[in-house]
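**Student:** From just these sequences and the hints, can you work out the full model?
First to last, the protein sequences are chains W and L.
Sequential numbering from 1 applies to the first sequence in our numbering.
Sequential numbering from 1 applies to the second sequence in our numbering.
Source of the hints: derived by calculation from the structure; they are not laboratory data.
Careful: at least some of the hints might be erroneous.
[To be verified] If the Cβ cut is set under 10 Å, some of the chain W residues that face chain L in the computed set are:
no.: 1; residue: I30
no.: 2; residue: I50
no.: 3; residue: L95
no.: 4; residue: E128
[As the list claims (entries may be wrong)] Below, in silico cross-link-like pairs of lysine-lysine (DSSO-like), each with a Cα-Cα straight-line distance of 27 Å or less:
no.: 5; chain 1: L; residue 1: K239; chain 2: W; residue 2: K135
no.: 6; chain 1: W; residue 1: K17; chain 2: L; residue 2: K503
no.: 7; chain 1: L; residue 1: K239; chain 2: W; residue 2: K28
no.: 8; chain 1: L; residue 1: K439; chain 2: W; residue 2: K101
no.: 9; chain 1: W; residue 1: K135; chain 2: L; residue 2: K503
From a predicted model like this one, the values you see are computed outputs, not experimental measurements.
Note that CB positions come from ideal geometry on N, CA and C, so glycine has one too.
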Amino acid sequence: MNDEPKLSIEDYPLAEKRPELVRGRRGKGISEITLDAVMAGEASMADLTITPEMLRSQADIARAAGRSRLAENFERAAEMVDVPQQVIMQVYELLRPGRAKSAADLTAMAQTLRADYKAERLARFLEEAAAVYEKRGLYTFRY
Amino acid sequence: MSDTGPAAPNRWKRFSDWDERPLRLDNFAIEDPANGFAAMAGAKDPKPGVKLSGHRIVELDGVPEADFDMIDLFIARHHMDPEVAEEAMATPSIEAARMLVDMNVPREELTRLARGMSPAKLAEVVAHLSAMEIAFAYSKMRARKTPGNQAHVTNAKDDPLQLAADAAIAVAFGFDEIETTMRVSRNAWSNALACCVGAAVGRAGTLFQCSSEEAEELQIGMRGFTSYAETVSVYGTEKAFIDGDDTPWSKAWLTAAYASRGIKMRCTSGAASELLMGFHESKSLLYLEARCLCMQRAMGAQGTQNGGIDGAPLAATIPGGVRELMAENLIAVWLDLECASGNDARASESEVRIGAKILPYLIGGSDLICSGFGSILKYDNSFNPSLFNGEELEEYLVLQRDFEADGGLTPVEEARALDVRRRGVEALSSVFDELRLGKVDAAMKASVIAASGSRETESFVPGQVADISEAIKARGITVVDVIKALERRGFHEEAENLLSLVKLRVSGDYLQTSAVVRDNHVISAVNDPNDYGGPGSGYRLSPQRRAEIAAIRDVLDRDEVLRAEATYEAAEAGRIAYRSMGPARPGNDAKEVVIGLSPAFGLKLFRTLAGHPLSRVLKAIVAGIEEKGGTARIVRMHHTADTSFLGLSAARLSGSGIGIGLQAKGTAVIHHKERLPHNNLELFSNAPITSLDHYLGLGRNAAVYAAGNMPEPVVVPTDGEALGARFHARVALIYAIETGLTGDGAAPEEIAVEFTGGKP
Chain W
1 MNDEPKLSIE
11 DYPLAEKRPE
21 LVRGRRGKGI
31 SEITLDAVMA
41 GEASMADLTI
51 TPEMLRSQAD
61 IARAAGRSRL
71 AENFERAAEM
81 VDVPQQVIMQ
91 VYELLRPGRA
101 KSAADLTAMA
111 QTLRADYKAE
121 RLARFLEEAA
131 AVYEKRGLYT
141 FRY
Chain L
1 MSDTGPAAPN
11 RWKRFSDWDE
21 RPLRLDNFAI
31 EDPANGFAAM
41 AGAKDPKPGV
51 KLSGHRIVEL
61 DGVPEADFDM
71 IDLFIARHHM
81 DPEVAEEAMA
91 TPSIEAARML
101 VDMNVPREEL
111 TRLARGMSPA
121 KLAEVVAHLS
131 AMEIAFAYSK
141 MRARKTPGNQ
151 AHVTNAKDDP
161 LQLAADAAIA
171 VAFGFDEIET
181 TMRVSRNAWS
191 NALACCVGAA
201 VGRAGTLFQC
211 SSEEAEELQI
221 GMRGFTSYAE
231 TVSVYGTEKA
241 FIDGDDTPWS
251 KAWLTAAYAS
261 RGIKMRCTSG
271 AASELLMGFH
281 ESKSLLYLEA
291 RCLCMQRAMG
301 AQGTQNGGID
311 GAPLAATIPG
321 GVRELMAENL
331 IAVWLDLECA
341 SGNDARASES
351 EVRIGAKILP
361 YLIGGSDLIC
371 SGFGSILKYD
381 NSFNPSLFNG
391 EELEEYLVLQ
401 RDFEADGGLT
411 PVEEARALDV
421 RRRGVEALSS
431 VFDELRLGKV
441 DAAMKASVIA
451 ASGSRETESF
461 VPGQVADISE
471 AIKARGITVV
481 DVIKALERRG
491 FHEEAENLLS
501 LVKLRVSGDY
511 LQTSAVVRDN
521 HVISAVNDPN
531 DYGGPGSGYR
541 LSPQRRAEIA
551 AIRDVLDRDE
561 VLRAEATYEA
571 AEAGRIAYRS
581 MGPARPGNDA
591 KEVVIGLSPA
601 FGLKLFRTLA
611 GHPLSRVLKA
621 IVAGIEEKGG
631 TARIVRMHHT
641 ADTSFLGLSA
651 ARLSGSGIGI
661 GLQAKGTAVI
671 HHKERLPHNN
681 LELFSNAPIT
691 SLDHYLGLGR
701 NAAVYAAGNM
711 PEPVVVPTDG
721 EALGARFHAR
731 VALIYAIETG
741 LTGDGAAPEE
751 IAVEFTGGKP
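**Tutor:** See below:
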């Protein structure tokens, strides 16, 4: 992403140790999100939303703390931030047993994620599921 | 057999007594591994084993890759660390078990090894540990140093006013997280808003979740009302997982989805869910749970709600089931997961079993000791009653104090409890009014503020709640609207608290393992790691925290005892007069019984532990002596306050050789001058249950002994009350007042007593 050194556990919690890095979706810094700003209509739900950058920073910290799997989850989550809620729920539904009719349903969705949201990790995750579901017969319709 | 004489006993009646105990309501099941009823040794549990081909796991616990089910596949690909697997699997299980309880082996060394262990290996290792060793290892291995706790806040009517009051009080008690759910699922939005407002009273940072249907729960979270989730369940067999309508991939998807919305989440799994669902594959609770936990780490969840959960009552029916619940929690923390450690669904009707169940967690600590302590009454718990509930919360506070153990809670004074509840109700009423969600009148508020549970409230009815909930959802109301409403109505502190909670999701600091918020700071396994390395390390109570835990209500002190006595002094002054007649001399009246009073009797202390005025007690004893032809003489002792020596010293002064020792607290003895100090004739040791009739009888018997005869001893019957628990703190304080008046070698004093008024 960039050439800056990765964050470590010394930088945690970010809101206290590195507040200058912490910004909401519209770029508003954490110190600008005050009650006065909320009352004046200058801070809204959109400012109270996590960003892909913050999730990647938390992934760096998790990895530095020896938690690579948690870090990978944060990296998948970073790719999901811009995926609309209804698409997220649509993929979730498709991943449940018997919803996809064949591997093609899942791989097509993987392509959509890759193309529309640059979500490479999520796409690979779906492709892995597609192969496993094939092997375990999970495309069978359940009444 | 002959038909004469009594029938032969056909039952020891103790069993009939036991039949009446709450314990007998509990089910117990025989161990039956083939049918899934096995805690740790299942009929078909595999032997641990892993084969690698390069960096690829090609065999897991005896199953070759070609036969992997979806759970094996997920674990092989996402949990097993090929860099560590060979070393970890080659470590003998007994050696790994010893490392878990060795304070010199650092936690990080063990979490590193766990990343290379298969489910069967993890299960085999912890099965080597006794319950005590598991508890110790758990305390060493849990991720965050500072322990915490989670509350359920629900009620039988889904009444939002009561939710706000109960959320506020749960925050006051110190819960780090509160969780609600609904009786009627469409009330989710109302429940969420109400708890969210209540939890903003008094302190910022209590995390909140609304357990509901997955899609709705995420939507509620995105509107900012909730800050965490723990409804993402996983199961240990493929069939159970599919029956639960999910796969490891669908659940991992949700795990990332919550993080992408800045919402903390943990998964849920627990022993016996597969057994309840009928897909146990003849495997043990522990092995299946080890699979669940490896999956959760593999999914990248920061933590787990684990330790039986809904299956805990079933696990507890099996031999070793409760030890198994502890063992699965140990695997969770060994895998470096946050652990909300069960102690949730009430696993027994026996309060003894309940108390025993909680103890290892209370003294060892846990990220969240209960993954749902019922902060409300049992009947108001919409999840089902918890191990501990509103009814027993005060007992939990006392257990903390007994063991000087931080169970995450802090006592709340009565006046503050009422203030906090009022504030929660007023805040929510104002938000409802401001957002035109509902009108709350004074009677509704008053009934809810005072109510212990929903059966006592006159508040919203379910139909109104459904309308409120629908309006919140349909009108797109968010937490920002709620914050604005609070501020506009003067609830500035609550508005700030709520905003600071929602701001947590901007940095995502609370997404890290075991994060909670204390004093407006996120603490987690990253910045508050458990560094236990033996005595003097790990979590210790600070002096300030110790004082908080000790501050339960209604504790006795010496001044209070003296104040209470002072209120009786005036009444006694009207009933009796003690007059000093100088040093007591030995008597020579053969009918005489000397009553030896304790030093503070009638001077500083005025009633017995049973509450009898001392004048009445003395009058009864004198009346008894005289009724049997004896003569009573009264002496005050100054050299001792001990009952035996009061009696013996009195006997040695007595012309008959018979004396009575009488302490102000009501303990009494009949003694003979020739007997050894503690070998008395009769003793009333249970003053709190000794009546005036008993004292009358004591007087009579003393006179009979004086006449040289042997009476039937007076027996004070007991019902087995824990008199020590009920009275000994007061006894010790009172006794110190008595001994404070004694002097070495001080001579007995003759006392003339006059009963001055009233009926005895």
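**Student:** Hint numbers the structure violates, sorted upward?
**Tutor:** 7, 8 and 9
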